[in-house]
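Build out the structure end to end from the sequences listed, making use of the hints.
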Amino acid sequence: MALDTVLYDLYPVTVLGVSGTTRFLARLLACDHRKLPVGGVVRAVMLNASAGVIDTVILARVSQDDYRLVLTGEGADAREAWIRQVSAAFDAEVASSKLTAFDFIGKLPVEGVEICKGSYQETSGIGFLSLGWKQTVLGPKENIAAMHENLLKAGAKKGAEGGTEALRILAREPALGLEYDESTSPLECGLEDALDFEDKSRVFIGRALCEEFRNTGKYERLQLVAFDTAFDPNALTQIPMVVVGEYGYEVSSLVRVPEMNLTAALVRLPHEVKVGEHLGAIVKTAPAVKCEGCLVIDPQA
Numbered sequence: 201m202a203l204d205t206v207l208y209d210l211y212p213v214t215v216l217g218v219s220g221t222t223r224f225l226a227r228l229l230a231c232d233h234r235k236l237p238v239g240g241v242v243r244a245v246m247l248n249a250s251a252g253v254i255d256t257v258i259l260a261r262v263s264q265d266d267y268r269l270v271l272t273g274e275g276a277d278a279r280e281a282w283i284r285q286v287s288a289a290f291d292a293e294v295a296s297s298k299l300t301a302f303d304f305i306g307k308l309p310v311e312g313v314e315i316c317k318g319s320y321q322e323t324s325g326i327g328f329l330s331l332g333w334k335q336t337v338l339g340p341k342e343n344i345a346a347m348h349e350n351l352l353k354a355g356a357k358k359g360a361e362g363g364t365e366a367l368r369i370l371a372r373e374p375a376l377g378l379e380y381d382e383s384t385s386p387l388e389c390g391l392e393d394a395l396d397f398e399d400k401s402r403v404f405i406g407r408a409l410c411e412e413f414r415n416t417g418k419y420e421r422l423q424l425v426a427f428d429t430a431f432d433p434n435a436l437t438q439i440p441m442v443v444v445g446e447y448g449y450e451v452s453s454l455v456r457v458p459e460m461n462l463t464a465a466l467v468r469l470p471h472e473v474k475v476g477e478h479l480g481a482i483v484k485t486a487p488a489v490k491c492e493g494c495l496v497i498d499p500q501a
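For what it's worth, the working numbering labels the leading residue of the sequence shown as 201, then goes sequentially.
None of these hints come from the bench; they were simulated from the model. Predicted, not measured: the structure shown is a model, and the values here were computed from it. We put the CB at the ideal spot given by N, CA and C, even for glycine. Check before you lean on any hint, since a few could be wrong.
In silico BS3-like cross-links for lysine-lysine, where the CA-CA straight-line distance does not exceed 30 Å [to be verified]:
#1 K357 <-> K341
#2 K358 <-> K307
#3 K307 <-> K357
#4 K353 <-> K334
#5 K490 <-> K474
#6 K400 <-> K341
#7 K298 <-> K400
#8 K334 <-> K357
#9 K353 <-> K317
#10 K334 <-> K358
#11 K307 <-> K317
#12 K334 <-> K235
#13 K353 <-> K235
#14 K353 <-> K341
#15 K235 <-> K298
#16 K235 <-> K317
#17 K357 <-> K298
#18 K334 <-> K317
#19 K307 <-> K353
#20 K400 <-> K484
#21 K400 <-> K353
#22 K298 <-> K341
#23 K490 <-> K334
#24 K400 <-> K418
Taking CB as the label site, the calculated pair distances span [stated by the list, open to error]:
#25 A435 <-> P237: 16 to 24 Å
#26 G220 <-> G480: 50 to 58 Å
#27 A501 <-> V313: 39 to 47 Å
#28 T221 <-> E382: 26 to 34 Å
#29 T221 <-> S297: 33 to 41 Å
#30 A486 <-> G220: 36 to 44 Å
#31 V313 <-> G493: 15 to 23 Å
#32 K317 <-> Y211: 16 to 24 Å
#33 E477 <-> E311: 26 to 34 Å
#34 K353 <-> T221: 43 to 51 Å
#35 D399 <-> K317: 37 to 45 Å
See the structure below:
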């Protein structure tokens, strides 16, 4: 019987184990790591001194004083170097492991493993986590590759190449190089939920400038829009634009989801734009399709 599970390709990850004092996490991350429950996981953000986004990381809490930082992508080594630079001023132990991971949707038939949104679990050297919009398994390369192969043999489906990109966009999750770079405020690229200003004594890198920018209320925000027509992105002759008043805003990520008869995009729009608003759109394709509007929608995660 086929498994109700979709697996995506293997990819490398760096996992940093942080134990002992975690005061440096209060400096490194814009979220308050102390609020994360044991067995919890969250997408966190690191800022530079100018309050720009260095990148996001996955933060998991394994025990009271034991955390994991999961780094992915081509910049993992550079981000690890930055994290170690920040930790140098604190009495913290940071251990690095080069592991392999794969993302999946659905359920895994692994005995004793029950994960839900926001949870992290380790068993036999394998980590299982869920961010809601995607779920991930990570561990030693041989073990993860064998698990991936065995699940496919057991009837799990292989996800389409780039499938996680569609999940990311529909979840309104920003990506480095598309929605943000080191000059972008987390407020502008959909990372508001990764900021915690409650504890005034917790001075994370970039806090003062980020808080000042937030208080102005004069910034664009990342929105998810669904176009009125489900056009094919491959037919585009120019980058689509969302129109607000007299101004057009280029989309940063775009995906067509045939199963939903939907073409959706991420785009930074004026602060006052709200979910539920119908806006104008400029879409040019060859052959031409009629698409003159889009709807701002909630994340589909």
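Consistency of the hints with the structure:
1. Distance restraint check for K357 and K341: the Cα-Cα separation of roughly 21 Å lies within the 30 Å cut-off, and the hinted pair is therefore satisfied.
2. Restraint check for K358 and K307: the C-alpha separation of about 14 Å stays at or below 30 Å, so the hint holds.
3. The straight-line distance between the Cα atoms of K307 and K357 is roughly 12 Å, inside the 30 Å bound, and the hint therefore holds.
4. The straight-line distance between the Cα atoms of K353 and K334 is roughly 22 Å, inside the 30 Å bound, and the hint therefore holds.
5. Taken as a hint, the K490 and K474 pair is honoured in the structure, with Cα atoms around 24 Å apart against an allowance of 30 Å.
6. Pair hint K400 plus K341 does not hold up; C-alpha atoms about 42 Å apart against a cutoff of 30 Å.
7. Under the criterion of a C-alpha separation no larger than 30 Å, the hint pairing K298 with K400 is inconsistent with the structure, at around 35 Å.
8. The straight-line distance between the Cα atoms of K334 and K357 is roughly 15 Å, inside the 30 Å bound, and the hint therefore holds.
9. For the proposed pair K353 and K317, the alpha carbon gap of about 27 Å is at most 30 Å, so the pair holds.
10. Under the criterion of a C-alpha separation no larger than 30 Å, the hint pairing K334 with K358 is consistent with the structure, at around 15 Å.
11. Between K307 and K317 the alpha-carbon distance is near 12 Å, which keeps this suggested pair within the 30 Å criterion.
12. The straight-line distance between the Cα atoms of K334 and K235 is roughly 22 Å, inside the 30 Å bound, and the hint therefore holds.
13. Only pairs whose Cα atoms come within 30 Å are accepted, and K353 paired with K235 is rejected, the gap being roughly 40 Å.
14. Between K353 and K341 the CA atoms are separated by roughly 18 Å; this keeps the pair inside 30 Å, and the hint holds.
15. For the hint linking K235 to K298, the alpha-carbon distance of about 27 Å falls within 30 Å, and the restraint holds.
16. Restraint check for K235 and K317: satisfied, since their Cα atoms lie roughly 16 Å apart, inside the 30 Å limit.
17. For the suggested pair K357 and K298, the alpha carbons sit about 27 Å apart, so the restraint of at most 30 Å is met.
18. At most 30 Å may separate the alpha-carbon atoms for a hinted pair to count; K334 and K317 meet this at roughly 9 Å.
19. A C-alpha spacing of about 15 Å is found between K307 and K353, which places the hinted pair at or below 30 Å, so the restraint holds.
20. Restraint check for K400 and K484: not satisfied, since their Cα atoms lie roughly 49 Å apart, outside the 30 Å limit.
21. Under the criterion of a C-alpha separation no larger than 30 Å, the hint pairing K400 with K353 is inconsistent with the structure, at around 53 Å.
22. A hinted pair counts as satisfied when its Cα atoms are at most 30 Å apart, and K298 with K341 qualifies at roughly 9 Å.
23. Between the alpha carbons of K490 and K334 the distance comes to roughly 33 Å, so the proposed pair goes past 30 Å and is violated.
24. Our distance criterion of 30 Å between C-alpha atoms is met by K400 and K418, whose separation comes to about 23 Å.
25. Checked against the given bound of 16 to 24 Å, the beta carbons of A435 and P237, roughly 47 Å apart, lie outside it.
26. Between G220 and G480, the C-beta spacing of about 55 Å keeps the proposed range 50 to 58 Å intact.
27. In this structure, A501 and V313 break the distance hint of 39 to 47 Å, their C-beta atoms being roughly 21 Å apart.
28. With their beta carbons about 28 Å apart, T221 and E382 fall inside the hinted range of 26 to 34 Å.
29. The hint said 33 to 41 Å for the Cβ distance between T221 and S297, and at roughly 20 Å that hint is violated.
30. As the Cβ distance of A486 to G220 is approximately 60 Å, the hint placing it in 36 to 44 Å is violated.
31. Distance hint check for V313 and G493: the Cβ-Cβ separation is about 44 Å, which falls outside the suggested range of 15 to 23 Å.
32. In this structure the supplied range 16 to 24 Å holds for K317 paired with Y211, their Cβ-Cβ distance being about 21 Å.
33. Between E477 and E311 the Cβ separation comes to about 48 Å, which falls outside the hinted range of 26 to 34 Å.
34. For K353 and T221, the hinted distance range of 43 to 51 Å is satisfied, since their beta carbons lie about 45 Å from each other.
35. For D399 paired with K317, a C-beta distance near 25 Å fails the hint of 37 to 45 Å.
Consistency with the previously given hints fails for numbers 6, 7, 13, 20, 21, 23, 25, 27, 29, 30, 31, 33, 35, ordered from lowest to highest.
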